[in-house]
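Chemist: Here the protein sequences line up with chains A and B, keeping their order. For the first sequence, my numbering assigns the number 8 to the initial residue and increments by one for each residue that follows. For the second sequence, my numbering assigns the number 35 to the initial residue and increments by one for each residue that follows.
No lab work stands behind these hints: they were computed from the structure. Here the structure is a predicted model, which is why all the values come from computation and not from measurement. Hints are not guaranteed to be accurate.
[Unchecked claim] If you anchor each label on the Cβ, the simulated ranges turn out as follows:
id: 1; chain 1: B; residue 1: 119; chain 2: A; residue 2: 37; range: 29 to 39 Å
id: 2; chain 1: A; residue 1: 37; chain 2: B; residue 2: 92; range: 46 to 56 Å
id: 3; chain 1: B; residue 1: 119; chain 2: A; residue 2: 314; range: 17 to 27 Å
id: 4; chain 1: A; residue 1: 314; chain 2: B; residue 2: 270; range: 49 to 59 Å
id: 5; chain 1: A; residue 1: 92; chain 2: B; residue 2: 154; range: 55 to 65 Å
We put the beta carbon where it would ideally sit given N, CA and C, even for glycine.
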Amino acid sequence: MLKKYNINAQIIFLTVVLMIIPFFFENDFYYEIAILSMLNALIVIGLNLLMGYAGQVSLGHGAFAGLGAYISVVLSTTYGLNPLLSIFISVTIMALLSFLISKPILKLKGHYLAMATLGIGIIISIVLEVEEEFTGGSDGMSVDSFVVFGYEFSDSTAWYVLCAVLLVFTIWAFENLINSPFGRLLRSIHDSEKAANSVGIDVSYYKSIVFVISVVIATIAGSLYAFFSGFISPQEASFSHSIELVVMVVLGGLGRVYGALFGAVILTVLPQLLTSFEDYETLVFGCIIIAVMIFMPKGIASLFDNILKKKEQNSASS
Amino acid sequence: MIELFGYLLSGVTVGFIYTLVGLGFTVIYNSSGIINFSQGEFVMAGGMSTVFLIYAGLPLGVSFVLAIMITSMIGILLYKLISFSRDSSQISLIILTLGFAIFLRGLAQIIFDKQLHTMPSFVGEGAFEIFETTISYQAVLIIIVASTIVVSLYLFFQKTKTGQAMVAASNNVDAAKLMGINIKKILMLNFAISAVIASIGGILLTPITSTNYEVGIMLGLKGFCAAIIGGLGTPFGAVAGGLVLGILESLVAGYVSSEYKDAVAFVVLLAILFFMPGGIFGNLKSQRV
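In isolation and in its complexed conformation, chain A is listed as follows (with noise of 0.2 Å):
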């Protein structure tokens, strides 16, 4: 179990990690990846905490991000709300939606609780695609730009800035959450759903919580993002978006906060490596999933474990 200081001193180090990190950055490119792997990463910190402590996997939520970015948009530059009130706006709206959809849904268990996530995934996909009035159909729309109380945010910087705040914010109060009581409630539905409802806890309840949490913050960064990168389509709500976020989830390693950390970044600056490779990219990322699959189904985050209970096992013995 983690200490309070123990949080504090990884927040420091995180904190000063992202502000060393941009002083290696050579050009507005490593910018954009940088902000796009700390966006994955939000989503995925979200997902993470339904999928690897309440223990429901969610195949939609590629899905839920585009439609609440699609929210936000449509708000915003369409119907030129601000910026910041139409996320607040969309935020609301998802929020409400994921919770009347998660009753039904949070009931499903194991195979038929992805397939049903995956369907209303493409459900979402399907209708931003066709009602192009909208959405401006499969060619997507443009987006104005994100400015907040009369600041525009226009260079890569000012993103940075703004991704790697929440970024921090969202992981201390994910790490605060999961030692709290609430997180061992969590803990206790992943471990057996029966036993945790014997005992009183409203499982249903707080599964819905944390589904309505992931959401929300899949909404948020997926608002962002389509602000940042002036453009949305149809494509950030697709089916492979959404299976992406979930190996980004496994790859860094079910239930760790930093392991979605990890998954997320690698998995964005990844296919970006892989361009080189050309038409290879799609084998060599499906060669990778296999190959982490078949050797750390722990996630990446499991080898930190090992290296860890050496140390002890080293330090036990001398």
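Using the hints, position chain B against chain A.
Modeler: Quick look at chain B alone, frame taken from chain A:
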């Protein structure tokens, strides 16, 4: 009325393809409890390899046989990968098959290409006329071959020794082991059979809808919907689910909106999951704690 009959016919034709994909899911799920998300890619592999073998100048019959063999090898490869995995939790196996699907799509891009391909119908381009609607020879062939596969699969599981061993293995692995059944062989055979069924679906479908490296994504998902709609794990459920899905899709495309055609499978899937999670023919076993 004539219109309706036409929609029903084309719905049944597509429905049988979904049935074949759904059956492939069922065979693997029943034996191993794994949902194989690369089932659609098996279909793609069957269709694409046939097309390219024909391009290479091989006669039709040889191309079919080779394509089916290639796909069954792919099925066995997937089984080998799964048996290598150190962890057998549901989620990591799901991701493993998803990764395998991406791998196959990448492989198809390189070995073949990214274009749409089709092949001539192997029973001729003609069509029968029934009640003023036409049904192409190829569609009739799909219906005949798919029904034959369903029936022979049923007979295989019920009447042959190997088939019964497979049923026994899916009912209780430990008991089957004690009876001297080689579980690993049985599982491998299941993956191969599943790939063969899928590849036949791919070969049958290609003359009608054409194929490319991505065609497996939607086919796989819809086949899975068919399996769940009928009741996951029941072979005849996959048949019913596939047909219901094919017909509904064709009706929605005809009378409501062709743009929302692809959404039908998933709306029906959600309805089934929410209101009768056992599917049409399934019986949910109650779980003991």
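Chemist: Tell me, which hint numbers fail for this structure?
Modeler: Of the numbered hints, all hold.
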